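When you get a sec, could you build the whole thing from the sequences and use the hints?
There are 4 protein chains.
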Amino acid sequence: MGKPHSDSKVTGLTGGEDEFSSNIEDARQATGEERVRAFMKITADEKDLSKRNWMTFILPHLELLSSDTSDSAHPKVLFRHSVKPEHCNTLGNMHGGCTATLFDFCTSSVLALVSRPGFWAFLGVSRTLNVTYLRPAPCDETVVIECEIVQVGKKLCTLRGVMRRESDGTLLATCEHGKVNTDPPVGKL
Amino acid sequence: MGKPHSDSKVTGLTGGEDEFSSNIEDARQATGEERVRAFMKITADEKDLSKRNWMTFILPHLELLSSDTSDSAHPKVLFRHSVKPEHCNTLGNMHGGCTATLFDFCTSSVLALVSRPGFWAFLGVSRTLNVTYLRPAPCDETVVIECEIVQVGKKLCTLRGVMRRESDGTLLATCEHGKVNTDPPVGKL
Amino acid sequence: MGKPHSDSKVTGLTGGEDEFSSNIEDARQATGEERVRAFMKITADEKDLSKRNWMTFILPHLELLSSDTSDSAHPKVLFRHSVKPEHCNTLGNMHGGCTATLFDFCTSSVLALVSRPGFWAFLGVSRTLNVTYLRPAPCDETVVIECEIVQVGKKLCTLRGVMRRESDGTLLATCEHGKVNTDPPVGKL
Amino acid sequence: MGKPHSDSKVTGLTGGEDEFSSNIEDARQATGEERVRAFMKITADEKDLSKRNWMTFILPHLELLSSDTSDSAHPKVLFRHSVKPEHCNTLGNMHGGCTATLFDFCTSSVLALVSRPGFWAFLGVSRTLNVTYLRPAPCDETVVIECEIVQVGKKLCTLRGVMRRESDGTLLATCEHGKVNTDPPVGKL
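Protein chains in written order, with the working numbering: chain A, 1 to 189; chain B, 1 to 189; chain C, 1 to 189; chain D, 1 to 189.
Source of the hints: derived by calculation from the structure; they are not laboratory data.
Watch out, some of these pointers could steer you wrong.
The list treats identical chains as interchangeable, and a pair is accepted whether it falls inside one copy or across any two copies.
Derived pair list, reagent style SDA-like, types lysine to any residue, alpha-carbon separation capped at 25 Å [said to hold, decoys possible]:
| no. | residue 1 | residue 2 |
| --- | --- | --- |
| 1 | Lys41 | Leu171 |
| 2 | Lys154 | Pro138 |
| 3 | Lys41 | Phe57 |
| 4 | Lys154 | Arg165 |
| 5 | Lys76 | Gly169 |
| 6 | Lys76 | Ile42 |
| 7 | Lys84 | Thr56 |
| 8 | Lys41 | Ser167 |
| 9 | Lys155 | Pro138 |
| 10 | Lys154 | Arg164 |
| 11 | Lys76 | Asp168 |
| 12 | Lys84 | Thr142 |
| 13 | Lys155 | Asp168 |
| 14 | Lys41 | Gly118 |
| 15 | Lys155 | Thr174 |
| 16 | Lys155 | Arg165 |
| 17 | Lys155 | Pro184 |
None of the values given here were measured: they were computed from a predicted structure.
The structure is reproduced here in structure tokens:
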């Protein structure tokens, strides 16, 4: 696990992906969807238990289905997630904290579609995460998570995610995620 | 893991604690703080990996410090949590989804101080969980989580939590949690 | 101005439209869009200054453009609003409180598309109103407000609104509005 | 009404108080509470109907009761507001949009306690305004609004407000208000 990153200390918020953005030369060549996959891989590649992180029990069950940048103002990414016992409460439904975790990760990943050195290359850090729970996601259900950029500027962005039952598309939960850019000025890279 | 509870199917929301409330006769005799501890114990007692749940990696590091019902309109519970690697992002700070999970669990537990058969005995289910991240909680930090009931009625309640650095009380994050009561009418118990 | 309605006292929340729903026999025959217009007319028909209400300076500039119930799970209503000096802050942009007021009213009106005796006939009362401001709406701008039902049940609903610049469709603000049904049981009507 | 301010165009958000901050020399000498009163006076001094603004029907009924900077991390301001017919819905309770407007204005005013050239001198602009309605505020009720700074940095701040019935202190509504600093660098003033 990397040591706390000075920028995030400055901004004083959670999140950020240092391996991801330290690897910024590669990211420069990658397509947006390749950067989304890189973000997932880096977070998942923590086999060493001492390096186990909060996403360890999510990522093996989360799959990137597609990305869509046809609307340049509102790029989108679609994920599929299988609800396993370790994601549930004692009642057998996905835990509200797991839903929030999925939304945090999946909405952040959309930023990889537009990130470039100095512009969300670190995918920013969370300021607000507002989740609304509409219907339960029972254990063994498969859900799809549609994420999009609502607005992105130099300092702030607003992301949105909706979770649906894959079988019939019924809405299960929605999320609005506000993030803050933590990139150092490009000159300093 | 208990089978999905019919009431939560009706209300179509997440959460609820069936073992907790099925044990309602005992809960009736217990003090509020005993019910908070019962809520924590039931959620933690899932040693069998097949019964592992979303709270498995949180509860060993979460401690109930005190409860306060002196203000009957706004009962409070205070928790301490030690931030471990498994709670963190790849950057070494507590993951925003872990912060949300802690707030979901800790604010819900305050309802155990006022629950009775027919009135939040199941601790309800989440409708909204809004978290604001102010400063990072680095790995190995110890945080305290103060939770209180903002308002509780027959159908709805609003709970609030604030997370502070234990060492100096600096605010790290805040949460507002809206829940819905799922208790069956008492007559039907 | 109607005297406070006992149900809203019980639920202890804001809003509701008593003349609208007291007139429930008419509402029964009306189409959804006719009910939306009835909701607007009742709120606007307060010429007597002593009956002036919070919407007095909004409704002359708010126009219902269309409604769409083709997706029965997510009915929609589209409004147009002209930003006048009385809607602005001293800087000459629409005041955040005016944006919130427009979202409160316009999202509530969508419920008129599905309301029936005992089911949101009073259009409910607000529990939460969360607005995110993305770009300013300058005085003399014309905006369109798209509102939809995200989820509606017997007790609760979640509504969403987005405000766009009419000229080019740029997103200016978004809103999530949580309401509570206050209808008395139909038998008691 | 001032012409749209270039900074707010850049940040693309609502609000800001240009007369307030153009008068920055005076503000420099003023105490925090004097700056709060200056903010209220500037907003209220729009007798000319053509200059009527969104606060016109609020400010005659809003009174600054006190400010408290004893906790330097969380300065507070206390207001009293009398609920008049023009603040209400057709049901006779304060309109949710009026509650949101009061919270927007009152929480913003707390920033005047800490503002200085380059640091929230313009009181920033709103990014998020989240209001939770707990109980109605009937016409002719008097309410008190307690506002505090939850966290303030160079770019962002989070403010909180709670509205209580003055007669018995019962909570009626709560608000979290996220703002963005729009000050130009001090050198450029």
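Sort out which numbered hints this structure fails and list those numbers smallest first. The structure breaks hints 1 and 8; every other hint is satisfied.
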